[in-house]
Every structure is written in structure tokens, then in C-alpha cells.
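If you read the sequences in order, they're chains U and P. Numbered according to my numbering, the first sequence spans residues 1 to 328. Numbered according to my numbering, the second sequence spans residues 1 to 306.
Incorrect hints may have been included.
[As the list claims (entries may be wrong)] Example chain P residues on the side facing chain U (calculated, C-beta under 10 Å, incomplete):
id: 1; residue: V125
id: 2; residue: T135
id: 3; residue: G141
id: 4; residue: E296
[What the hints assert, rightly or not] Have a look at the derived ranges for each label pair, beta carbon to beta carbon:
id: 5; chain 1: U; residue 1: G64; chain 2: P; residue 2: A206; range: 24 to 32 Å
id: 6; chain 1: U; residue 1: F33; chain 2: P; residue 2: S293; range: 28 to 36 Å
id: 7; chain 1: P; residue 1: A210; chain 2: U; residue 2: R179; range: 52 to 60 Å
id: 8; chain 1: P; residue 1: S201; chain 2: U; residue 2: I65; range: 27 to 35 Å
id: 9; chain 1: P; residue 1: D202; chain 2: U; residue 2: D289; range: 32 to 40 Å
FYI, nobody ran anything at the bench for these hints, they're computed from the structure. Note that CB positions come from ideal geometry on N, CA and C, so glycine has one too.
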Amino acid sequence: MEATSEAPALIATNGDSLRESFGKALSQLAYEFPKLVVLDADIAGGTGAHHFRRIHPDRFLQFGIAEQNMMAAAGGLAAVGLIPVVTTFAVFCLRAIEQARLSIAYARRNAKIVASHPGLDVGPDGGSAQALEDLAAFRAIPGMTVISPADATEARLATRAILEFEGPVYMRTGRSPARHVFGEDHKFEIGKGQIIRDGSDLTIVACGVEVARAVEAADLLKADGISARVVNMPTIKPIDSELLVRCAKETGAFVTAEDHNILGGLGGAVAEVLAATSPRPIEFIGVKDVFGASGDPEDLAEAYHLTAPHIARAAKKVVGRKPKKEKR
Amino acid sequence: MTAASASQNLERHASPASPVQELVAEVTQAARYARQHTISAIYHAGSGHPGGALSAADIIASLFGAELNLWPDTTQDPDRDRFVLSKGHAAPMLYAVAAHYGYCKPRDALRLRRLNSPFQGHPHVGDLPWVETSTGSLGQGFSVALGMAMGLKLQNQMSRVYTLIGDGELQEGEVWEAIMCAAHHRLDNLCVIIDYNKLQSDDTNANIMALEPLAAKWRAFDWAVAEIDGHDIPTILTTLRRAAATHGRPSCIIAHTTKGKGVPYMENVPAWHGSVKLTETQADEALRALGASRQEIKDWLDGSDL
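Between the sequences and the hints, there should be enough to build the whole structure, so can you do that?
Take a look at the structure:
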């Protein structure tokens, strides 16, 4: 099944994409996790699972282009003691979400769903392929852990973490080469966010490809005299509410940033925590409840207002919304 | 003729010895008891799906009474056979057969569809140790059973996996994904039984979405196929044995059944698919038709301890 020398090269499978990092990590972790099996629906070259297939063909399970059967079968594989990792595109996870709900989450199975090609990051394939609803949809399933790593390093660490974790997980990877955010000393723990840039005027909470853009936005804001804290929040569920409450007290305002619909994803999760514990002004960076379109991922990010200048603009707006200090 | 092609038509196998009379009598009694239990449970619950539960009684009783390598004290044994009720709305029949064979207390299983009862309207794994997976959304149980069969083979375990699906369930696309997948992976430890009662929620299969030629479809997908009378217990038992001896391909038993079997006013009437409320008079009449004595009917209808 490996490509011959005449076959066209896969696009953008360079070492810096999250999917590649995930696929390579999975191949290595197979030695440590003998019960690990990987499920594919004819897009292993697109999800990074082709690395696993090459080294562990006997533990690579082909389901053909049939995601519903694959998703529910993962529940069955977990039921007999294996650790199934379902790999497909994020948009096809939506196709099989009812199987993930009933046969994985409701059945309390230790199965992992790893979705490449999330968000506008899919790029030229266009609106039909760009899942902008997956974080919201999977977050609404009881017991489902939802993760969106920021770069290739974090994707590698998160791949280990989800295998060590007992329970159903939905994790995004990414198609395009992603900017490095973290060094080799980075730590990843499910349910924990980290302050990766300190600041005092507001907190930008970001996940996935938006973390690098949030850091860039903090630099832009610094030039304008605004001190922005940046929190990397790779676990959307369960969200690190302790850290959010602390940031509310210390910075008093928030911008959330995600490559996802502004409804129901990271922004929704942050707003829920703040509304219930420590209400503060919040602005949302994300796709504003519309579908995507074809284009280069960076051009799309600009067109849909996900880039650093847009985050910086939202930051200024939210700082302006902070209640004025009471005069004596 | 290769072994694989010889096994494609399960009917053509040399007939194993007939099941012993005692076993047939025992399974027959189990099915009779389970039908009464099911009517009683649905009566007390005030809702449920009697038609498709009654049609499945003889099949589920045959599995638990004879075929499955499963006992009330081995429900967590990794080597056990698995049974998945993919047509999860027939849950009361699964509970009733399980109660008969000692997997749970019969009176407990009458607490159907109630708050804080493990006997939910559709089976849920974890609530009951002998329910293998949660079902109720048609098509999924089959895929889960397929995953179990695949995983057991990967781990070199000899256990077999059985799943009971409805005929209307065959209209779900996921079922055909699973049919293709199981044949591709040569899952000969997987046996699908179709409760072919010809009716679904609103009307006949033929009027809603025709299924025929059904056996030809499964054969074309490279399954070993048998068509049997799904109420003839000796035939069910011998066909299950033949399916277990099939090598190289999964097996499908198309069991022709009667929806509402055993209760004349329900038989072949789509309205009794459910979810329906049974009146005391209706429950009484059903139990009488199912052979319950006056005293037994009184006991079945008494819900004072539930």
C-alpha cells in the first residue's frame, strides 16, 4: 500500500504538521502499549496513520470508506480489551458522532478518536471538508475528553497522554505545517492549561493553531503598551477552570481564540466557567457561525479574522470593556 | 470444492445429530416463560416494544440455553462468547431470557424502564454485567459485535460473537458497511441472526423499503447464509451449531419469524411494534394465549412489589 516512486507526493506531510507528529509518536508508542490498534478509513496517508501501518501492519485495521462502522467497531475492540485509536478527518468524525456517543462514550469504552484536518487549517479542500463544529459537538458528549494540541511537540506528548488515560478521548491534530510553540522541555497534562506568556491587562486563551497566533498578538499588543497574558489551553474538556479563575482575578478580561466556530468550542467552555465563577468581559476569536471556503490556510485565517492582528484588536476592545476602577 | 465454498450455504452441511429432546424441551420452556415475562414487564412499565420482542424469543432462548459459552458466573470471563442485541428495543426479551437462565432475578427484571432500575428501555452495558454493549440506535450493535470479533481474533481467542439484528435495521447504511467489512476480514467467529418478521415501526418492510432478495444479497457479500424458521427451536439450535463450524467467512442466519409471535391479537400487526401501553385486559389475554395458568396470570399482573 505504500506509494511507488511514480505516485504523486502527498501534500504538506512535512515534519512540522501535527498529524505527522501524531503518526510517528503512535508508531513508537505501539511498543509500549501492546493493546494499541489503529483504525483507518482509507486515509492513512492523510491522518499520519501511514507511519503506524508501515511498522505495525498487523495492528493496523482497515475499515474502508465507512466511518460509522469503524467508529462503532472501535467500541467492540475496546470491549475485548484493546485500545483502539480511530483515525480519520475531523469532518468524518461528525459523520460518525452518534456511534461515538452510543458505542464509545455511553458504553464507557477506552477508545480514542484522533481527527486530522480540523478547522480552516484544511485549506484548499474547502468548506465541505473544514470541520468547524467538532469541538462543540464532542464536548457535549458526557464523559468525552476533548483535546486540541498547539504544535507538533504538544501533539506528540498528547498522543502518549491519551493512551495512558483511561476513557474516551477526541483529539484534533492538524493538516498544515504548524509553527513551533514549544521546546523539547514542554509538559502536557490532560486537563491542564499553561501560562506561556505572562501579562496583566488581559488573558488570551487559545488552542490549536491559534496558540502561535496568540503569542504573535501579545507581541503586537506589547508594542501598544498592553500587557497580554497567553494561556495555552489544549484540553477543551475538562477545561482548566482553576487556571481560568486565577487569570480572571489577575487580568480581569479575556479573549478566546480557536480555529472553530465561535459557538460551543473553546470560547464557549471558557465563558461557561467564567460566567459561573468570576464574570469578566470576554471577546471571541473564531469562525463566526459560517462555513469555510477554499484557500490557503493563512489566507483563510486572515479572511475569517483568526490572525494575530484580529486577536490584538479583540484584546484592545475587551480591555476597554473592563469596568473602570471605582473612584474614592 | 473448497472448504470455504462448501460452507457458503449452511443448509448443505451434513446434518449434525438432532439436538437432544431434553434440550429442545428446556429451550422451548425458556422461550414460553420469557414471552410471559416480557408481556408482564411491558404491562407494568406502561410502555415497550412487544412485537419485535416476541418474534425474537425462540432465537434468544436458543442462544442462552444452548449455544453461548456463557454462564451467570462467567459474564466477565475473557473467553466467553458474546451476544449483542443490536435490535435493542427487544430488550425486555433479553432481560426475560436472562432472568430465566439465572443471570438476574425475574422480579427485578420486571422493573423495566423505571428510574434507578438497571433494566432500561434499551440495554446499557455497565448497568448489567451480562449486557455486552449499549444498543438502541439501529446498526451500531452489529458494528460493535464486528469489532469484538475482530479484536478476539487479533488476540487469538476462540470466543464467538453473536448479534441479533432486526429486518428494518437492515435499512441502516452502517449495516452494509459492516457486512462488507466482516467478509473482507473473514470474521468466521461472527454470526449475525436476522429476526425477519417482515414488519417494522410503521408498516411492512415491503412497503417501507423492500429488503428482498435478502439471502442473495448476503451471499453476494460473501457470507455463509442459512434461511430458517425462527420459531423452530431444533432448527435454530442445529443452524447455530453449523454456523459455529463455518470457516473463512462470517455467517448469517435469516430467521423467518412472526412479529408478536404467541399472542394472536399482536401477530403480524405493525401497531404492536411499540412503544405501546398494554391494558390489564390485553395483558391478561396475551398471558392466557402464552399458556399461563390463572394463578400465574395473577402473579404476572401483580406489581405490588415492583
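Results of checking the hints against the structure:
no.	hint	verdict
1	V125	holds, 5 Å
2	T135	holds, 8 Å
3	G141	holds, 8 Å
4	E296	violated, 36 Å
5	G64/U to A206/P: 24 to 32 Å	holds, 30 Å
6	F33/U to S293/P: 28 to 36 Å	violated, 58 Å
7	A210/P to R179/U: 52 to 60 Å	holds, 56 Å
8	S201/P to I65/U: 27 to 35 Å	holds, 29 Å
9	D202/P to D289/U: 32 to 40 Å	holds, 36 Å
Against the hints set out earlier in the document, violations occur for numbers 4 and 6.
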